[in-house]
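Q: If you're matching positions, the sequence shown starts at 594 in my numbering and goes up one per residue.
Careful: at least some of the hints might be erroneous.
[Unchecked claim] What follows is a set of in silico ranges between Cβ atoms, one per label pair, in the way DEER data are often shown:
| no. | residue 1 | residue 2 | range |
| --- | --- | --- | --- |
| 1 | ARG693 | PRO626 | 18 to 26 angstroms |
| 2 | THR764 | THR618 | 32 to 40 angstroms |
| 3 | ARG602 | GLU694 | 35 to 43 angstroms |
| 4 | LEU606 | GLU636 | 20 to 28 angstroms |
| 5 | ARG748 | VAL609 | 40 to 48 angstroms |
| 6 | ARG748 | ARG771 | 25 to 33 angstroms |
| 7 | GLY737 | VAL610 | 27 to 35 angstroms |
| 8 | PRO626 | SER775 | 15 to 23 angstroms |
| 9 | ARG702 | LYS595 | 30 to 38 angstroms |
| 10 | ARG748 | THR704 | 17 to 25 angstroms |
| 11 | LYS753 | LEU606 | 54 to 62 angstroms |
[Stated by the list, open to error] Cut-off 30 angstroms, straight-line C-alpha distance, at most; resulting in silico cross-link-like pairs (DSS-like, lysine-lysine):
| no. | residue 1 | residue 2 |
| --- | --- | --- |
| 12 | LYS753 | LYS683 |
| 13 | LYS641 | LYS595 |
| 14 | LYS689 | LYS760 |
| 15 | LYS613 | LYS595 |
| 16 | LYS689 | LYS753 |
| 17 | LYS684 | LYS640 |
| 18 | LYS684 | LYS760 |
| 19 | LYS640 | LYS689 |
| 20 | LYS753 | LYS684 |
| 21 | LYS595 | LYS689 |
| 22 | LYS689 | LYS613 |
| 23 | LYS684 | LYS595 |
| 24 | LYS760 | LYS683 |
| 25 | LYS689 | LYS641 |
| 26 | LYS684 | LYS641 |
| 27 | LYS640 | LYS683 |
| 28 | LYS613 | LYS640 |
| 29 | LYS595 | LYS683 |
| 30 | LYS683 | LYS641 |
| 31 | LYS613 | LYS641 |
| 32 | LYS595 | LYS640 |
Worth flagging that the hints you see were computed from the coordinates, not collected in a lab.
Each residue gets a CB set at the ideal place from its N, CA and C atoms; glycine is no exception.
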Amino acid sequence: MKATGIVRRIDDLGRVVIPKEIRRTLRLREGTPLEIFTDREGEIILKKYSPMMELTAFSGQYAEAMAQSSGLMVCITDRDQVVAVAGGPKKELLSKTISRELERVIMERETVQAAVGDKHFLYLVPDEVEGLYAEVVVPIICEGDAIGSVALFSRDQRTKMGDTELKLAQTAAGFLGRQMES
Numbered sequence: 594m595k596a597t598g599i600v601r602r603i604d605d606l607g608r609v610v611i612p613k614e615i616r617r618t619l620r621l622r623e624g625t626p627l628e629i630f631t632d633r634e635g636e637i638i639l640k641k642y643s644p645m646m647e648l649t650a651f652s653g654q655y656a657e658a659m660a661q662s663s664g665l666m667v668c669i670t671d672r673d674q675v676v677a678v679a680g681g682p683k684k685e686l687l688s689k690t691i692s693r694e695l696e697r698v699i700m701e702r703e704t705v706q707a708a709v710g711d712k713h714f715l716y717l718v719p720d721e722v723e724g725l726y727a728e729v730v731v732p733i734i735c736e737g738d739a740i741g742s743v744a745l746f747s748r749d750q751r752t753k754m755g756d757t758e759l760k761l762a763q764t765a766a767g768f769l770g771r772q773m774e775s
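Start from the sequences, fold in the hints, and give me the full structure.
A: What follows is the structure in structure tokens.
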């Protein structure tokens with residue numbers, strides 16, 4: 594654990610304010626769910642809660658099946674990080690924080706499909722890994738909340754993704770969203 598040097602008092606309702614600098618750094622916004630842990634030494638640990646983490650193993654298997662059948666690279670994210678990668682460089686992407694642009698697309702429930710020759714591809718992670726940008730991105734919706742995304746991409750710039758790839762990503766996102774509801 595890293596000490597911040599910041600001390601806060603608990604108010605009469607049991608609340609503690611998380612400093613703005615920490616909220617900005619960790620991308621915590623109003624309504625962000627936090628999981629609370631305690632340890633034997635009396636420490637309280639707050640961790641961003643991601644419902645997608647419950648499906649990490651399942652997401653990985655689903656991504657593998659998609660990658661094998663389509664020949665494309667598949668990436669499944671929650672609202673903060675990459676939770677599954679298949680058909681591509683796992684080391685470069687798995688558990689990495691997603692780009693602000695991808696986070697915005699998820700929160701706004703946008704579906705992205707880059708047109709042929711379109712230069713507006715979506716980077717998956719902030720440190721733009723050479724040649725890794727999403728061409729199809731579909732948000733995962735669970736009980737009305739955007740909880741992540743399914744992204745399809747290829748390192749081959751000649752690969753053209755059309756309606757078939759969009760439907761594949763939509764099907765995966767719909768299925769994962771329903772899995773979270775049950």
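Q: Run every hint past the structure and note whether it holds.
A: Now for the hints, and whether the structure bears them out:
1. Here the CB-CB span from ARG693 to PRO626 is close to 20 angstroms, well matched to the stated 18 to 26 angstroms.
2. Checking the proposed 32 to 40 angstroms range against THR764 and THR618 shows it holds: the Cβ atoms sit about 36 angstroms from each other.
3. Look at ARG602 against GLU694: about 38 angstroms separates their beta carbons, and that is inside 35 to 43 angstroms.
4. Remark: the range hint 20 to 28 angstroms for LEU606 to GLU636 is upheld by a beta-carbon distance near 22 angstroms.
5. A hinted range of 40 to 48 angstroms holds for the C-beta pair ARG748 and VAL609, which are about 46 angstroms apart.
6. Judged by the Cβ atoms, the range 25 to 33 angstroms given for ARG748 and ARG771 holds: they are separated by roughly 31 angstroms.
7. Take GLY737 and VAL610: their Cβ atoms lie about 28 angstroms apart, and the range 27 to 35 angstroms holds.
8. The beta-carbon spacing between PRO626 and SER775, approximately 19 angstroms, falls within the hinted interval of 15 to 23 angstroms.
9. In this structure the supplied range 30 to 38 angstroms holds for ARG702 paired with LYS595, their Cβ-Cβ distance being about 34 angstroms.
10. Remark: the range hint 17 to 25 angstroms for ARG748 to THR704 is upheld by a beta-carbon distance near 22 angstroms.
11. Distance hint check: the CB atoms of LYS753 and LEU606 are about 56 angstroms apart, consistent with the given range 54 to 62 angstroms.
12. The suggested pairing of LYS753 with LYS683 holds, with an alpha-carbon distance near 23 angstroms, which does not exceed 30 angstroms.
13. For the hint pairing LYS641 with LYS595, the CA-to-CA distance comes to about 17 angstroms; that is within 30 angstroms, so the pair holds.
14. Between LYS689 and LYS760, the direct Cα distance comes to roughly 26 angstroms. Compliance with the 30 angstroms bound is thereby established for this hinted pair.
15. Under the criterion of a C-alpha separation no larger than 30 angstroms, the hint pairing LYS613 with LYS595 is consistent with the structure, at around 17 angstroms.
16. At roughly 26 angstroms between alpha-carbon atoms, LYS689 and LYS753 fall within 30 angstroms of each other, so this suggested pair holds.
17. Between LYS684 and LYS640, the direct Cα distance comes to roughly 23 angstroms. Compliance with the 30 angstroms bound is thereby established for this hinted pair.
18. The hinted pair formed by LYS684 and LYS760 meets the criterion: a straight-line CA distance of about 27 angstroms does not exceed 30 angstroms.
19. A distance of roughly 16 angstroms separates the Cα atoms of LYS640 and LYS689; the hinted pair therefore holds under the 30 angstroms criterion.
20. Distance check on the hinted pair: LYS753 and LYS684 sit about 25 angstroms apart at the alpha-carbon level, within 30 angstroms; holds.
21. Taken as a hint, the LYS595 and LYS689 pair is honoured in the structure, with Cα atoms around 20 angstroms apart against an allowance of 30 angstroms.
22. Taking the CA atoms of LYS689 and LYS613, the gap is about 23 angstroms. The hint holds against a cut of 30 angstroms.
23. Only pairs whose Cα atoms come within 30 angstroms are accepted, and LYS684 paired with LYS595 is accepted, the gap being roughly 25 angstroms.
24. Using a Cα cut-off of 30 angstroms, the hinted pair LYS760 and LYS683 holds, with the two alpha carbons roughly 24 angstroms apart.
25. As the CA atoms of LYS689 and LYS641 are separated by approximately 15 angstroms, the hinted pair is consistent with the 30 angstroms bound.
26. A distance of roughly 22 angstroms separates the Cα atoms of LYS684 and LYS641; the hinted pair therefore holds under the 30 angstroms criterion.
27. A threshold of 30 angstroms between alpha carbons decides the hint, and for LYS640 with LYS683 the separation of about 24 angstroms falls inside it, so the pair holds.
28. The hinted pair formed by LYS613 and LYS640 meets the criterion: a straight-line CA distance of about 16 angstroms does not exceed 30 angstroms.
29. Taken as a hint, the LYS595 and LYS683 pair is honoured in the structure, with Cα atoms around 28 angstroms apart against an allowance of 30 angstroms.
30. Of the supplied pair hints, the one linking LYS683 and LYS641 holds, its CA atoms being roughly 23 angstroms apart against a limit of 30 angstroms.
31. Pair hint LYS613 plus LYS641 holds up; C-alpha atoms about 16 angstroms apart against a cutoff of 30 angstroms.
32. For the proposed pair LYS595 and LYS640, the alpha carbon gap of about 14 angstroms is at most 30 angstroms, so the pair holds.
The structure fails none of the hints (numbered hints given earlier).
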